[in-house]
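> The lines below spell out each chain.
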Amino acid sequence: MKPFDYVRPATVTEAVAAGAHPGAVYLAAGTNLLDLMKGNISRPDRLVDVTHLEGLDGIERLADGSLRIGALVSNADLAHDAGFARSYPAVAEALLSGASAQLRNAATVGGNLLQRTRCAYFYDTASRCNKRDAGSGCDARDGENRGHAVLGWSENCIATHPSDFCVPLVALDAIVEIEGSNGRREIALEALHRLPGDAPERESALEPGDLIVAVRLPPVASGFAAHARYLKVRERTSYAFAMVSAAAALRIESGKIAEARLALGGVAAKPWRARAAEDVLKGVAPTADAFQEAAWRALTDAKPSGDNAFKIELARRIVVRALTLATAVTPARLPALPASPFASTSGAIHA
Amino acid sequence: MNHSISLTVNGARRDFVLDDPRVTLLDLLRERLHLTGTKKGCDRGQCGACTILVDGRRINSCLALAISHGGADIVTIEGVARGDQLHPVQAAFIAHDGFQCGFCTPGQIMSAIGMMSEAQAGNDPERIRECMSGNLCRCGAYAGIVDAVLDAQGQMDETNQRRSA
Amino acid sequence: MPELNLTSAPAHLRHGSNIGQPLTRRDGVLKVTGQATYAADNHPPGMLFAVMAVAGISRGRVVSLDVAAAKRHRGVVDVMTPDHKPELAIDPEIKTNPFVFRMEVLQSHEVRYANQPIAVVIAETLEAATEGAALLAPRYETLPALVGLDAGESFVPPVVGVGNPSEHHHGDVDAGLASAEKQIDAIYETPPQYHNAMEPHAIVAAWDGDRLQIDMPTQGLRLSLARIAELFGIAHDKIHIRSPFLGGGFGSKGFLAGPQTLGIMAAKLVGKPVKLVLRREQMYGPVGHRAPTRQRLRIGADGEGRLTALDHHARTVSSTFDDFYEPAADASHTLYAAPAIRTSHDAVRVNTGTPLFMRAPGEATGSIALESAIDEMAWACGMDPLAFRLKNYAEREPISGKPFSSKALRACYEQGAARFGWAKRSLQPRQMRDDAGLLVGWGMGTATFPALMFQAEARAVLRRDGSGAMEIGAHDMGQGAWTALAQIAADELGLDIDRVAFNAGSSDLPDAGIAGGSAHTATAGAAIHSAGAAVIAKLADLATGDDRSPLFGAGNAGVIARAGRLIRRDDESRSESYPEILARAGVTEVEARGTGAPNPAAMEEYAMHAHGAVFAEVKVDPELGQVRVSRMVGAFAAGRIVNPRMVQSQLFGGMIWGLSFALHEEAVTDRRSGRIMNANLGEYHVPVNADVPPLDVITVEEHDPHVNALGIKGVGEIGITGSAGAVANAVWHATGVRVRRFPIKIEELLTQR
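Residue numbers (the working numbering), protein chains in the order written: chain A, 1 to 351; chain B, 1001 to 1165; chain C, 2001 to 2753.
Hint data in this document are derived by calculation from the structure and do not stem from the laboratory.
As the structure is a computational prediction, the values presented were derived from the model and not from experiment.
Virtual Cβ for every residue (Gly too), placed ideally from N, Cα, C.
Honestly, I wouldn't trust all of these hints.
Over 12 Å on every C-beta distance to chain B, these chain A residues come out as not near it, computed from the model [as the list claims (entries may be wrong)]:
1. D5
2. G39
3. H52
4. D77
5. A101
6. R184
7. A240
Quick look at which bits of chain A chain B covers, simulated, 3 or more residues with Cβ under 8 Å [what the hints assert, rightly or not]:
8. 20-33
9. 40-51
10. 102-109
PhoX-like mimics (lysine-lysine), calculated; alpha carbons at most 25 Å apart, straight line [as the list claims (entries may be wrong)]:
11. C/K2095 with C/K2085
12. C/K2071 with C/K2272
13. C/K2071 with A/K2
14. C/K2238 with C/K2268
15. C/K2402 with A/K303
16. C/K2391 with C/K2424
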């Protein structure tokens, strides 16, 4: 690990000033950053430790019905907050399907949003990677890439965003509150992560010094609580990144889908909101046919970036299943294996 | 640049000067405080062998900078037994053969203790399996680990009931 | 010499108070309190930290290292490179015996595989040494890497595994296939796998003049010591290795490898104790692995499901500079009674660290292919897989025609099947569902592993205070040597286990051989057995030859050692305690040594194997293809069970490795660079707790008078065989999709809806 200056700002303003320096990065729990630093993927000159900043670790219900989650709230505390899990069950399920209990105890909301890809070529400093080293090339493109992106990728980068948490968040129109050199601003989570295009090294809309201070769920987000699930296919039963995942949230009124929300994980450099699929579900009955149609719509633009054509078919099937699961009433308690196909799903699979 | 840090480790206050901000809690415990019960299996948060309790919560000590945790209350495997009296989880690991080589064991035990205080798994084996999945065991002692946790959970529930009765 | 008759009756008949008891681990308290000292837990005064820099390419040479940049880093003491290192006494490329593997210890600038050590940075802190290694920023001359099973011209290796011929023939395979009514011809592939013991390889080395103190996990103390002695040109008695606990070995800690040698060199270079611990990613290269295989099985059967021929060919790889060939096809030698069997191997050389023994080397890789193929053949014959296996049950070892020393496989099949409920299985695949609609599949596999013996020596002592000691440089890598061997020792000494000081895990103790081949308990146990017999004989001599002893003259009748007393065999009222005998004789202790070794005559006469039957149930999501094993039952016959608790744990572990082989483990190699792209524990998947279902192990009673004095066959590796195939076959039964490339991946199961 490269030596760094350790700075512990007392206020958000101090943090932003310190974080704006070239070579500076913010340290929250460090569950991703330290991993990257140990692998020499990230070699910052300065760590601005924001973990001791006051006021960023609360979960508060705002007057308008939105929910504001401080950036330093841990993944575990958020998922285990009973009120939160009741109102946003798919988000809680996604959180609990990610990483391990130890990591969730440490990892923060803000950090989760900014976690870096798990692309093996990004992590392997002996390989070329445009994201890690702009302009060096992409060894994943013709490499071992069965887990790589099928949506929104470019010739310069086929990496995926690994977050589970972000998938239901983006479906629920989460908003990111950012403190920057020019004060506070907010953007939709959907606009936080960038697709690679010709500049895969630019992963987000954040400018130097920008600090995520909170994530906000708008008032309507809790309206999906009765029909919201997260589903994640992975290569171990637990403690594995998604091969493909989906968050589905429905508002069902009088037997019809009043509103649908759908997002995919593990398929692109960002949590992938599937608006076209949402559109076809609006106002129709929640039937297998409708879900199939939605699945096709969700993956219309998908194309393999390597040995991963199967992910497109898998994503379609996950969409159908996630919508099927969401249509059934959200379980009162999260399943023992959150987001797993092996979560108790009695009767949910139709032969 | 030197940083003064004080930590509570297994109940005792430890003051020291950290001459390098790169030191993780794991390396601090192992190489500087010579508390080597906590193990380094991967150093990247992927195996759980380094699990300790920080302010009562189980975390991977390999991914925590010591400098960021000044003032923290740390419990390691060395601080779990009371003298010769083993913690119920420790005793249950022996009784149920919840380990073979023993290298992942301190992390498993700390994780199990942390899990019990999280109170999410209870005595449901499936939830225990899920909640203990952050601790790899290459020898394959998982069956014994789950049995040990169930046993210890049962004992502790009983003790608590007796206390509250 | 009185006739003691100590060896003809099995040990448990003589005493029986310890062997066979499910004692908990004697090292349990140390392990659950964090007090068990693994190599990297040592910290001698003045110790420095060494960190390896490893190659980022897999073939070529290092043309520059920025040593100056590393040295400028605060705390860096020295940088060991090919141009700056202590000289070794012999060229590490020389193979002084077949158990010496070539190692990379900075003897040249050449790079032969990715993650090969290319320099070592020594520093005052771990942080400085780690960053120093990064600052070396090597530049390379890169050559095209040889990668994969088709990397080049194949050749037939002279031997596979440990000295096995690479080809075997028995009967006329071609005729057998030609006459077959049903045939299958299938190709199976297994990936490279890495041992990934939880404890990374580590060494703490301290020189004191020409004396060398080492803490290092090893499965072969004396073999390692001998290798160190020849590499550094020092006498054996100048070296002391401590290895009381291994954090897992699985074969990767059997032989001294380059990294440990570099630790010793680094300590010599800087004149201070040095600790060198591999980083997890550095374990994917210099410390061995299981080589990939491509196996073709051709099997013929007649109209009644009787095998007519079995042809098993395995392609594997070795490194470009040394030889180890995974003997995968040899798995077909022992299980099924085909009148004609041919097994053969060929190999290509690739840019990889030399493959090595990894838990059930050959047996595991061969077993998953063979058991899959047998399952396919049973289906082709329209037969239940168990009925098919019973129809082709081998009463004698098929490849050799020898009788088995013992074989309780039929009982394994019966008991395992009954416990599992196998009789309710549908013959057709994709017929079973659970309440949730998940596909359910049942599969089985036969397990087998040879009952091996190596050579060992033990030293036994009986003391006047009534205590005893047994010393043997045995290794506990988790299998439970501290407990099981102490149980044997206590019985052999006729003492309560708490009165026996059992001493192991150190190179200054008698040579226990290598902890491998599932043979350690048998080998070390046999040595303990004979040392115990010898020391009891000495003690008995003192008593039976002394007219003041109640045992005087009992020589012809014999005495029994039990509970700290010698007892006249034909008159149990006449006995004397050990302290009484020793006190009267005026000695403080008696001591004797004994050895354990294979019996060549028995090996010539009998085929010696442990056997088992594994039954697995999997659930598969019908649309999403994710697989989870929901239960497994294994029934194993492995001779005498010394400690049922620990044996069960070992068999559980093996079954989990089998599950992992079928569903999880694979080192993903970049086909261009030869680099392993998942050299970590996040993406090299080994099973987590949630992957492991309730497991059930039955140990089937089996008495084997031929394998060794104690009748032990060993259980360290057999669990993985059979299990891998059982899981794979269960996936087929659940889905109707036969996957022949392992591990089975989600995309293979998405084909049907």
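> Now, for every hint given, state plainly whether the structure supports it.
Outcome of the hint check:
{"no.": "1", "hint": "D5", "result": "violated (8 Å)"}
{"no.": "2", "hint": "G39", "result": "violated (8 Å)"}
{"no.": "3", "hint": "H52", "result": "violated (8 Å)"}
{"no.": "4", "hint": "D77", "result": "violated (9 Å)"}
{"no.": "5", "hint": "A101", "result": "violated (5 Å)"}
{"no.": "6", "hint": "R184", "result": "holds (25 Å)"}
{"no.": "7", "hint": "A240", "result": "violated (9 Å)"}
{"no.": "8", "hint": "20-33", "result": "holds (count 4)"}
{"no.": "9", "hint": "40-51", "result": "holds (count 3)"}
{"no.": "10", "hint": "102-109", "result": "holds (count 4)"}
{"no.": "11", "hint": "C/K2095 with C/K2085", "result": "holds (21 Å)"}
{"no.": "12", "hint": "C/K2071 with C/K2272", "result": "holds (18 Å)"}
{"no.": "13", "hint": "C/K2071 with A/K2", "result": "holds (14 Å)"}
{"no.": "14", "hint": "C/K2238 with C/K2268", "result": "holds (14 Å)"}
{"no.": "15", "hint": "C/K2402 with A/K303", "result": "violated (59 Å)"}
{"no.": "16", "hint": "C/K2391 with C/K2424", "result": "holds (19 Å)"}
Going down the numbered hints, you'll see the structure goes against 1, 2, 3, 4, 5, 7 and 15, while the others check out.
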